[in-house]
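K.L.:
The primary structure of each chain is shown beneath.
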Amino acid sequence: DAGITQSPRHKVTETGTPVTLRCHQTENHRYMYWYRQDPGHGLRLIHYSYGVKDTDKGEVSDGYSVSRSKTEDFLLTLESATSSQTSVYFCAISAGPGTGGKDAFGYTFGSGTRLTVV
Amino acid sequence: SQQGEEDPQALSIQEGENATMNCSYKTSINNLQWYRQNSGRGLVHLILIRSNEREKHSGRLRVTLDTSKKSSSLLITASRAADTASYFCATDLEGAQKLVFGQGTRLTINP
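Here the protein sequences line up with chains A and B, keeping their order. For the first sequence, the positions run 266 to 383 when my numbering is used. For the second sequence, the positions run -13 to 97 when my numbering is used.
Chain B on its own, in the form it takes in the complex (with noise of 0.2 Å):
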């Protein structure tokens, strides 16, 4: 089963609205890392946060870590059309060399 799961599947908000994803994860890590993926593209990276780390901000993104509740969060401030695209957490587990992927958020801003 996979490590990270996010929630909720698929988001729809209106453009300048905050877009709130979860994660949920099951064994101890190393860090949390978030991706996006736009339709028909790669993976890329936006932010990491480590395991002793509660909190992170980058740019319009802010993202949270209970490693109690093993759970994070990814805020997306002042959605925009661009954002529209799938956000992916991954775990990098202690002892391992790889991430692990969760299936994905599907978000959607309309304008």
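So that you can see chain A by itself, here it is in the shape it has in the complex (with noise of 0.2 Å):
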């Protein structure tokens, strides 16, 4: 999509390694989210930024971290990646959320990442 690209978008890796996904956005947003996509689970929140050097856990954080030292790149980083780590990943931003249902905007998603953990 426009705005945003995801690197790389196929990977696959050992059980065992680290692997960095990137998300990069030429948008200027201040949000920027990962999110994995199974099938029977849709999509569930990993890690989210609100800002550079600002971010918190989603549901389903265990295992992964995340990085944002500039506005237009955010991290995420499989410290050692398992098996249940297979899944595609998508990375989005926004320009904000909701308040008071006010200024909300929808979110832009990457084309996403389909990592393979053998």
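Treat each hint with caution, since some may be false.
What the hints assert, rightly or not - Below, simulated EDC-like cross-link-like pairs (lysine to aspartate or glutamate); rule was C-alpha separation at most 20 Å, straight line:
hint, chain 1, residue 1, chain 2, residue 2
1, B, Lys55, B, Glu80
2, A, Lys322, B, Glu80
3, A, Lys322, A, Asp303
4, B, Lys56, B, Glu80
5, B, Lys12, A, Glu324
6, B, Lys55, B, Asp(-7)
Unchecked claim - To list a few chain A residues with every Cβ distance to chain B over 12 Å, as calculated:
hint, residue
7, Tyr329
8, Ser332
9, Thr336
10, Asp338
11, Ser349
12, Gln350
Calculated directly from the structure, the hints in this document are not laboratory data. These numbers were taken from a predicted model, which means no experiment stands behind them. C-beta: ideal position from N, C-alpha, C; glycine also.
Got two chains here, each in a separate frame; can you build the complex from them with the hints?
P.N.:
Here it is in structure tokens:
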């Protein structure tokens, strides 16, 4: 999608190795998110960021860490990859959350990274 | 458990018919959003309805929101083969800074 790119698009890695996925945006949006998508679970939030160096955990954060040193980049690291982390990972960006129903914005999603841990 | 639950999980209709998908949620929201995902692609934002709105239109899409029942519906009129995709509702919870997605409805339009 325009304004947001994920890399790599596909990756196969071995159990126990660290893996870093990158999300890059050119929209200067404050909010960035990492989701994983698995059959039967829909999209689940891993971590998100509400500014440079400001991050918080989502519902499935165990085994993952993130960093945001610049507005445009949000990195997701699997510290020691496991087979349960085989998934499709999506990054999303937003100008801001809803506040009392005002100024709400939709998310723009990247094309995803298909990660296989063998 | 998921905040948003879509119903049905799968829907198959003939081209030209209308498709209706429903979403229920559990807690107070700022807004509710609908997204489409084509196979192998990322999600695309379709429409956002705020908590103080009851109905919204965008082209062939019509979304309703009933906050008393904590439910929303997405209607696609005059469906086309290109509408074949998965559709997700997502809730923007009060006090949160993140969307919570349901598991989606897989829509198939048969020619």
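K.L.:
Run every hint past the structure and note whether it holds.
P.N.:
Tested hints:
1. Lys55(B) to Glu80(B): The hint holds at about 17 Å.
2. Lys322(A) to Glu80(B): holds (17 Å)
3. Lys322(A) to Asp303(A): This hinted pair holds, its Cα atoms lying about 19 Å apart.
4. Lys56(B) to Glu80(B): The hint holds at about 13 Å.
5. Lys12(B) to Glu324(A): holds (16 Å)
6. Lys55(B) to Asp(-7)(B): holds (15 Å)
7. Tyr329: holds (15 Å)
8. Ser332: holds (18 Å)
9. Thr336: Since the minimum Cβ distance to chain B is about 16 Å, Thr336(A) lies beyond 12 Å and the statement holds.
10. Asp338: Non-interface label stands for Asp338(A): nearest chain B Cβ at 18 Å, farther than 12 Å.
11. Ser349: holds (18 Å)
12. Gln350: holds (19 Å)
Of the numbered hints listed earlier, not one is contradicted by the structure.
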